[in-house]
Amino acid sequence: MRLLLLFVDFCRLVWYYFNDNDSLRAERIRLEMRNGFDEIVAKVKECGRKTVAVSVAQDEAVLEAVREAKRLGIADAILVGDAAQIKEIAKSIDMDLAGYEIIDEPDMIQNFLRDLCASHAE
Numbered sequence: 001m002r003l004l005l006l007f008v009d010f011c012r013l014v015w016y017y018f019n020d021n022d023s024l025r026a027e028r029i030r031l032e033m034r035n036g037f038d039e040i041v042a043k044v045k046e047c048g049r050k051t052v053a054v055s056v057a058q059d060e061a062v063l064e065a066v067r068e069a070k071r072l073g074i075a076d077a078i079l080v081g082d083a084a085q086i087k088e089i090a091k092s093i094d095m096d097l098a099g100y101e102i103i104d105e106p107d108m109i110q111n112f113l114r115d116l117c118a119s120h121a122e
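First residue of the sequence shown? That's 1 in the working numbering, and the numbers climb one at a time after it.
FYI, nobody ran anything at the bench for these hints, they're computed from the structure. Just so you know, even glycine gets a beta-carbon here, dropped at the ideal spot from N, CA and C. Certain hints may be false.
Claimed, not checked - Here are the computed distance ranges between Cβ atoms for each label pair:
1. Glu-88 <-> Lys-43: 26 to 36 Å
2. Glu-88 <-> Gln-110: 13 to 23 Å
3. Glu-46 <-> Pro-106: 36 to 46 Å
4. Ala-84 <-> Glu-64: 13 to 23 Å
5. Ile-40 <-> Ala-61: 12 to 22 Å
6. Glu-88 <-> Val-52: 14 to 24 Å
7. Glu-46 <-> Gln-85: 32 to 42 Å
8. Cys-47 <-> Glu-101: 18 to 28 Å
To be verified - With a cut-off of at most 27 Å between alpha-carbon atoms, the simulated BS3-like pairs for lysine-lysine come out as follows:
9. Lys-50 <-> Lys-91
10. Lys-50 <-> Lys-87
11. Lys-70 <-> Lys-91
12. Lys-43 <-> Lys-70
13. Lys-45 <-> Lys-70
14. Lys-70 <-> Lys-87
15. Lys-70 <-> Lys-50
Work the whole structure out from these sequences, hints included.
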């Protein structure tokens with residue numbers, strides 16, 4: 001429950017950060033966001049490394065998040081999506097796909113269903 005409250009608080013801070021024009025308040029929020037994010041990451045690390053299936057993984061922001069989660073030791077990922085696009089985007093952001101399972105599924109509905117099945121297979 002505490003992790004959920006931290007996440008909600010973090011989301012609130014993100015909203016204020018992007019919608020508040022007061023620069024001093026924005027700086028304070030930036031600091032709170034960093035502290036809140038560090039606390040969330042610390043709590044997640046206590047749970048141990050998990051494997052997650054990521055649907056529609058052919059997105060730059062998704063691949064960057066997956067790479068960061070792996071770097072932080074939080075999670076490994078099964079990438080479900082258009083394999084050619086995943087590889088192309090990974091190359092453009094200098095992401096090494098070694099150690100990632102890629103399930104090639106260009107159809108987005110089937111992509112979601114495979115993601116669901118992969119996440120329950122663990």
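Now for the hints, and whether the structure bears them out:
1. Glu-88 <-> Lys-43: 26 to 36 Å: holds (35 Å)
2. Glu-88 <-> Gln-110: 13 to 23 Å: holds (20 Å)
3. Glu-46 <-> Pro-106: 36 to 46 Å: holds (37 Å)
4. Ala-84 <-> Glu-64: 13 to 23 Å: holds (19 Å)
5. Ile-40 <-> Ala-61: 12 to 22 Å: At roughly 18 Å between Cβ atoms, Ala-61 and Ile-40 fall inside 12 to 22 Å, so the hint holds.
6. Glu-88 <-> Val-52: 14 to 24 Å: For Val-52 against Glu-88, whose Cβ atoms are near 22 Å apart, the range 14 to 24 Å holds.
7. Glu-46 <-> Gln-85: 32 to 42 Å: Given range 32 to 42 Å: holds, Cβ gap about 35 Å.
8. Cys-47 <-> Glu-101: 18 to 28 Å: holds (21 Å)
9. Lys-50 <-> Lys-91: holds (25 Å)
10. Lys-50 <-> Lys-87: holds (23 Å)
11. Lys-70 <-> Lys-91: Roughly 17 Å separates the two Cα atoms, so the pair holds.
12. Lys-43 <-> Lys-70: It holds: about 16 Å lies between the C-alpha atoms, which stays within 27 Å.
13. Lys-45 <-> Lys-70: OK: Lys-45 and Lys-70 at ~11 Å, within 27 Å.
14. Lys-70 <-> Lys-87: Judged against 27 Å, a Cα distance of about 17 Å means the pair holds.
15. Lys-70 <-> Lys-50: holds (10 Å)
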